[in-house]
Every structure is written in structure tokens, then in C-alpha cells.
Amino acid sequence: MATVLDPAGAPAAEERRAARRGRSTAPGGRGRHVPPLLAVSPFYVLFAVFGTFPVLYSLYLSFQDWDGIGDMRFVGLKQYGWLLQDSVFWHSVVNTFEIWFLSTVPMLFLALVLAFLLHSQVRFSGALRVAYFIPNVTSMVAMTIVFGSVFAQAGLANSVLRAVGLDGVGWLSSEWGIKSSVAIMIIWRWVGYNALIFLAGLQAIPTEHFEAARVDGANSWQTLFRVVVPQLRPVILFAAVTSTINGLQIFTESQVLFQSTDVGTTGGPGQEGMTIVLYLWQKAFKEHQFGYGAAMGWLLFAIIAIFTIVNWRLVSGSDRDDDRRSGIAGLLRRKGVRNGR
Amino acid sequence: MDHRTMTRRRLLGVSLGGAGAALLGMSGCGASSGSASAGTDHLSLWYWKGALSDKLLATAKRGVPGMPGLKVRGSQIPDGDIDSKVRTSLAARAYVPDITVANSDNLATFFPDENEFLDLRTLGAESVRDSYLDWKWESCFTPSGRMIGFPLDAGPTALYYRRDLFQKAGLPHEPEDVAEEIPTWEKFIATGRTLRAKGPGKPYLVSNIGNVFQQALLQSPKQFVDADNRFIGDQQHIRRAWDLSVEILRQRLSAGITDGTPDFNAAMSGGRVATMTTAVWAINGLKDTAPKTSGTWRLTTMPDGPANYGGSYLTLTRYCRDPEGAFAFLKWLLSPANQLKSYQEMALFPTTPASYADPAMHTPDPFFGGQQPIDVFGPAAQKAPVVYFSPYEDSAKIPFFQELTNVEMLGKNPDRAWRDAVNTAATTLSRLGVS
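Protein chains in written order, with numbering that gives the first Met the number 0: chain A, 0 to 340; chain B, 0 to 434.
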């Protein structure tokens with residue numbers, strides 16, 4: 000055990016400390032790196048405990064049959080086999096994509112229009128930005144209960160439809176009514192968030208471009224689609240990618256919208272609101288089939304991975320010759336700039 | 000300079016050491032005993048709001064009467080979380096409550112892991128058996144004969160009906176007369192036809208057909224899976240409940256609205272639905288939902304006879320630090336006298352029939368026009384059948400309820416829906432080892 004005498008300090012204290020650590024504290028030795036590593040360790044420790052371990056454990060679980068308490072039974076790939084034959088699972092996959100499409104496309108379009116309007120000189124734009132962002136930080140459960148009343152048979156949505164002479168819609172009792180209700184809630188929640196991202200992108204566009212457009216006599220509509228959209232392309236693609244990843248994990252809206260003490264109401268009539276994550280939750284946490292739920296989680300991972308690769312290819316399709324190491328953001332940026340010209 | 004480095008390092012060291020010690024301390028505490036109450040002077044009890052009497056729990060926290068030194072401290076766990084919290088703690092073998100509440104659906108899901116709970120017979124449960132309802136007592140036992148639950152409250156069922164709507168439709172409308180008029184589900188449907196034709200505003204008979212399916216099902220001693228782990232959901236006792244429900248829909252007597260939704264609340268307060276087939280615990284919900292209809296409702300015997308719907312149990316986990324003390328607490332908390340207090344305070348319906356005769360339970364309820372609910376629910380609780388629930392009841396019945404909803408809301412062909420429900424249930428159960 001090496002002891003370093005500190006000319007200005009207390010050698011005894013240093014010695015005790017060295018003894019406690021049980022390793023050399025000689026300058027230049029490995030010990031020097033211990034304090035900084037320890038200092039950053041909380042993140043890694045927490046990530047290992049709450050991130051890595053559950054992920055690996057769920058992979059292990061997906062090969063087992065387990066009710067959450069007793070002994071596990073190894074079943075190999077059977078859970079995956081059962082899952083691939085489970086019509087409800089496939090129904091939930093289709094539902095998830097349908098709801099994703101119904102929500103993401105209008106949401107991104109609305110967010111773009113909102114961002115454009117907020118970017119122009121309007122009064123109270125600060126207050127408006129806050130107002131549009133508030134849905135994103137509102138408790139989803141509270142919000143879903145409000146929407147439950149809006150979409151009731153005698154609710155606000157149908158009252159408005161009847162006021163303008165249309166028939167009411169079975170918002171929570173028909174296939175497309177259910178999907179639209181869930182999609183509308185997602186749009187309401189995320190439109191402000193994406194509008195802020197677009198707004199940040201807009202503010203990066205030099206004002207000369209807007210001035211030039213105005214000098215050339217372009218109206219707002221033309222400015223939006225001929226000037227703004229091309230320049231915003233990388234930001235739009237970022238928003239599309241993140242919305243896709245979020246959209247494939249829809250859960251709370253469907254869960255709370257059809258929450259009831261009655262049996263078998265999860266996902267609503269015809270299970271048209273049953274999403275992949277909601278089905279996972281029902282199987283794992285309501286019916287205590289943890290192996291089945293874990294297998295579903297990994298199939299969802301595979302679906303998202305495939306979807307992300309497809310996305311990547313679509314986005315980077317014409318940029319094969321570019322340096323791929325610069326990552327998707329770089330590709331997006333270059334593509335955006337080139338298309339913007 | 001050097002001094003400053005020293006202090007910074009020392010600060011870092013002290014804080015890290017502190018965090019480490021805290022972690023060690025936590026794990027050390029869990030390792031010595033799996034009980035959540037290890038190292039304290041009380042036993043821990045998990046329950047959800049409304050499951051137990053707050054007043055009696057306050058007493059138990061100070062000390063269980065007649066048991067010197069025994070204290071029980073209750074922790075409220077949200078209704079939706081308690082099952083997964085209990086499972087998580089049992090799987091982790093740490094921070095397990097000594098005593099926990101399990102509801103009627105959940106008790107059976109613990110049967111495959113029955114050894115996680117203490118067998119209450121070994122603590123002398125048989126000595127108080129005579130005080131409790133027979134069917135409730137039977138339901139505390141696992142197929143292997145282990146008693147893992149203790150009777151908490153019961154959920155006897157009755158037919159709730161709107162006396163005013165019955166009267167205006169020219170039907171018998173006093174509870175005894177209605178009971179005589181509607182002894183069976185078939186007569187119930189006939190009454191529905193009259194209501195729809197002659198009642199004011201053409202009221203529906205039921206809010207949705209799933210409720211009727213549920214009640215007809217609970218009247219059967221057999222459910223979806225028998226005690227030998229065989230799927231019996233494709234048999235006559237289920238088919239009868241299914242056909243009754245579909246017949247109500249075919250005759251257009253169902254409003255087709257899910258309970259608890261804003262539409263349901265509007266229909267109940269607006270008099271669009273004339274009856275409810277449910278348990279005693281639905282009274283408070285109905286009073287909240289439709290306060291303006293107070294005085295118009297009455298209670299009578301369920302068509303085809305009463306059954307039990309819901310109700311809870313108390314269980315002792317195997318990590319319980321003081322099994323004798325905990326069982327003494329159960330006997331005290333759930334004694335006939337204290338169940339009576341719980342009924343008065345929390346409307347928890349007693350599982351001790353001796354309580355039903357007590358004058359305190361015979362209070363007229365203005366919501367039911369001065370009728371005494373106990374006159375209907377008391378006999379119903381005593382006549383409910385003994386039913387065997389398997390651990391897989393939820394997985395088995397979900398497809399049937401879903402397909403009934405599909406028939407009612409989306410117009411699916413009932414025969415196809417029946418085949419789909421049977422197939423889905425059989426497939427799901429075969430994965431769980433039910434043949």
C-alpha cells in the first residue's frame with residue numbers, strides 16, 4: 000500500500016482514506032479517475048437499474064410463462080408463436096397504424112399552419128404560444144375524461160354537428176368514430192408542441208426570404224408553400240419521425256376513454272380503439288400473462304425498428320453517395336437545403 | 000488550492016458515501032424480513048379507499064382492542080394499483096404487507112400461488128365459521144382446500160326498478176307485486192316489452208345487455224372454468240345467459256350504453272332506462288348519478304333469484320410477522336358487531352347474517368321511497384349460490400363480454416359472435432394450461 004505524504008495536508012487523513020478505498024492513490028495512477036467516474040455514476044447506475052435491466056429482463060421473460068409471482072416455466076419461442084396467431088394482436092397493429100395515420104398527417108399540417116401564423120406579426124403571440132402548448136403538459140387522464148363527455152352520444156361534438164344540420168356520429172360506438180376520437184385527442188395534445196418546433200425552424204429562416212417573397216407579390220399561402228415548407232423540410236422530417244415513434248405507442252387516450260368497471264370494455268366496442276401497447280398492458284397487467292406481454296413488447300420493438308429503417312431509406316434514398324456517418328440529421332439538413340433551392 | 004480540492008473531494012466522498020449507506024440500509028432492511036412492517040411496532044395493512052372502515056382502522060392504529068401491544072397501520076393504495084403492487088412485492092419477496100385486501104375477482108388469481116398466503120385454518124378460522132355466510136366462506140378456499148381469504152363484505156344482487164315508470168305503464172309496481180310478476184328472466188323480458196310500449200317516453204328495460212349476461216352468469220354455480228381446470232364456457236349455463244341477453248337486444252329493450260359513461264348518467268337521470276340489475280354496492284353510485292330520481296326507485300328480487308356480485312376478502316401473506324396477532328385483528332375487524340359499524344359508516348354489506356336482524360340495518364331509505372334495502376338484500380345474501388371461480392375467469396370471460404358489445408353496438412351476427420367468443424376464450428385458456 001503506497002502512502003503519499005502531502006506536504007500541506009494531513010498525512011494521517013490521506014492514509015486513512017487510501018486504506019478505506021483499498022487501492023493506490025498515487026498521482027497518475029488509476030485512482031485519479033475514480034472520483035470523476037463516481038461523480039457521473041448516478042446516471043449510469045440509475046440507467047442500469049431502471050433502463051438496461053428491465054429491457055434485458057423483458058427479453059428473458061418473453062421466453063417464459065409467468066403469472067408475476069410463482070415459478071417461471073420456460074416455453075421457448077411459444078409466446079411469439081401464439082402472438083403471431085392472435086387475431087386481436089393483429090387487429091391492434093392495424094388499429095395503431097390507422098390511428099397513427101389519422102392523427103399524424105392532420106396534426107403536422109395544422110402545426111405548420113399554426114407556426115406560420117404565430118411567426119407573422121400577431122398580437123399576444125407570446126400568450127398564444129403558451130396557450131397552444133398547454134395541452135401538451137395537461138394531465139392526460141383529466142383531459143381524456145373531458146373528451147369522454149365531448150364525444151358522448153349527447154355530447155358537445157354531436158350537439159355541434161346537429162346545430163349545423165348534420166346527423167350525430169357514434170363517436171365511441173362505431174369503428175371510425177372511435178379511431179377519429181382517439182386521433183383528435185392526439186392532435187389536440189401534440190399540435191402545439193410540433194408548432195413550437197416548427198416555429199423555431201421558421202425563426203432560423205432569414206427574413207430576406209420573406210421580404211423577397213413579398214416584393215415579388217407572393218400572398219401568404221404562396222409564401223407558406225413555396226418559401227417556408229421547402230426550407231423547413233429537415234424540421235418537418237424530424238417532427239414526422241418523432242410523431243411516428245410516439246404514435247406507435249399510443250396508450251393512455253384509448254385506455255382512459257373506454258375505462259369502465261364493466262368487463263371486456265378495454266379498447267371499446269369491436270376493440271377498435273385497442274392499440275398494441277394497450278393490449279400489452281391488458282395481457283401483462285390485467286390478466287397476469289407477463290411472458291406474453293414481454294413478447295408483445297419485443298414484437299412492437301421490431302415493428303418500430305422496421306418502420307424506422309423504412310423511414311430512413313425514404314429520407315436518405317437519393318443521398319446514397321453522401322457520407323452516412325454524419326447521421327440522419329445531417330442527411331435531412333442537406334436534403335432540405337438542396338430542395339430549398 | 001490544495002485545501003479547496005480536499006474539501007471538494009471530501010464533499011463528494013461524503014455525499015456518495017451517504018447515498019451508498021442509504022441504499023445499503025434500504026436493502027439490508029428488506030433482507031432481514033420480507034414484511035413491509037419489519038422493524039416497526041405495528042403490522043402493515045394495504046387496502047383501497049372505501050374497502051374498510053376508517054374509524055375502526057384509526058382504533059387499530061392505536062391498538063387492537065383486547066390484544067395488548069397489537070397495532071395495525073393501514074396504508075391506502077389506489078384501487079387500480081393494489082393488485083400489481085401486491086404481486087410486485089410478492090415477486091420481490093420484500094416490503095410485502097402483513098395483511099392485504101383482495102377483491103372478489105382477484106382472490107382466485109392467487110390460487111396458483113396459494114403458498115404465498117397463510118392458511119387461515121391453521122390459525123383457528125373454523126371456530127368463527129358459523130358467523131359467516133356459507134357461500135362466502137366456501138369461496139375463501141383454493142381447490143386444494145387451503146383457506147387464503149377471510150370474508151370482508153358481500154355484494155348481494157337485486158332488481159332496481161323505477162316504480163313510477165312501472166306504474167304509468169300499467170304494470171304491478173310495489174316490490175312484492177313486482178317480485179311475483181317477474182320471477183324469471185323470460186317474464187322480465189315480457190315486462191320490458193310492456194314498458195317500451197306503454198311507459199312514458201318509451202323507456203328501455205336495461206342500459207346494456209352485458210349486465211344481464213353478468214347477472215344470469217352469477218346465478219350459475221358453474222362459471223367458465225371448473226375446479227379441474229377444464230374450459231366449460233361453451234356449455235349450456237353460459238349459452239343460456241348469452242341467449243337471454245341477445246333476446247333482450249332483439250326485442251329492442253336495451254339502450255346500448257356503457258355503464259359509467261356520460262351517456263349512462265344522462266339516461267339514468269332522464270328516466271330512459273327503467274331497471275338496473277346489480278349489487279348492493281351500486282346504490283351510492285346511482286344516488287350520485289341520478290339524484291333527481293330520488294324516491295322513484297324500488298328494490299326487488301332479481302329474476303331467477305339472487306346471486307352475489309363483488310365483495311372483498313382480507314388475506315395474510317406468508318411474510319406476516321405475527322400471524323396469530325393478525326388473525327386476531329381479522330376476527331375483531333370483521334366480527335358481526337364491527338361489520339355492522341362498517342355498514343353504517345361505509346355501506347360495506349356484512350358477511351355476517353346475524354347483523355341483518357339488527358335495527359341499525361333497518362333504516363328506511365328515502366331514495367327508495369322509504370323502502371328498507373336490507374329487506375331485499377338480506378334474504379338475497381343468504382340465498383346466493385356457492386360459485387367456483389377459477390384463476391382464469393378474467394381471461395375466459397373477456398371475449399364473451401367483448402363479443403356481446405360487438406353484437407349490441409356494431410350489429411355483429413350473434414351466432415358468429417358466440418363462435419368467436421368461444422374460440423378466443425378456448426385459445427387463450429389453452430395457453431394458460433386449461434384444457
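Don't take every hint at face value.
Unchecked claim - Simulated pairs of lysine to any residue, SDA-like, Cα-Cα distance not exceeding 25 Å:
#, chain 1, residue 1, chain 2, residue 2
1, A, K77, B, L431
2, A, K285, B, D78
3, B, K286, A, L195
4, A, K77, B, D393
5, A, K178, A, F284
6, A, K77, B, T183
7, B, K48, A, W280
8, B, K84, A, K178
9, B, K221, B, N264
Claimed, not checked - Partial list, computed: chain B residues near chain A (C-beta under 8 Å):
#, residue
10, S83
11, L89
12, K186
13, T257
14, P261
15, A265
16, M360
17, F400
18, Q401
19, T404
20, N412
21, D414
22, R418
Unchecked claim - A few chain B residues that face chain A, going by a derived Cβ cut-off under 7 Å, partial list only:
#, residue
23, K84
24, A91
25, R92
26, P111
27, D112
28, E113
29, G259
30, D262
31, D393
32, K396
33, I397
34, N405
35, M408
36, L409
37, P413
38, S434
Think of the hints as simulated: they come from the structure by calculation, not from any bench.
Glycine included, C-beta positions come from ideal geometry on N, C-alpha and C.
With a cut-off of 8 Å on the beta carbons, see whether N412 (chain B) makes it to chain A. violated, 13 Å
So, as I understand it, the hint says D393 (chain B) touches chain A; can you test that by seeing if any CB pair is closer than 7 Å? holds, 6 Å
So, as I understand it, the hint says S83 (chain B) touches chain A; can you test that by seeing if any CB pair is closer than 8 Å? holds, 6 Å
Holds or violated: is there a CB of chain A closer than 7 Å to the CB of M408 (chain B)? holds, 4 Å
Hey, does the M360 (chain B) contact hint survive, CB to chain A under 8 Å? Result: violated, 26 Å to nearest chain A Cβ.
Min Cβ distance, R418 (chain B) to chain A: is it shorter than 8 Å? Violated: closest Cβ of chain A sits about 13 Å from R418 (chain B), beyond 8 Å.
T404 (chain B) as chain A interface residue, shortest Cβ-Cβ below 8 Å: holds, 5 Å
When the nearest CB of chain A is found for D262 (chain B), is that gap smaller than 7 Å? holds, 5 Å
Interface restraint verdict for L89 (chain B) against chain A (beta-carbon cut-off 8 Å): holds, 5 Å
Hinted pair, alpha-carbon criterion (25 Å max): K77 (chain A), T183 (chain B). Please report holds or violated. Cα-Cα ~46 Å, so violated.
Min Cβ distance, S434 (chain B) to chain A: is it shorter than 7 Å? This hint is violated: S434 (chain B) lies away from chain A, its Cβ roughly 16 Å from the closest one there, beyond 7 Å.
Quickly compare the C-alpha distance for K84 (chain B) and K178 (chain A) to 25 Å and report which way the hint goes. violated, 32 Å
Hint violations for this structure: numbers 3, 6, 8, 9, 12, 16, 20, 21, 22, 23, 24, 25, 28, 37, 38, all remaining hints satisfied.
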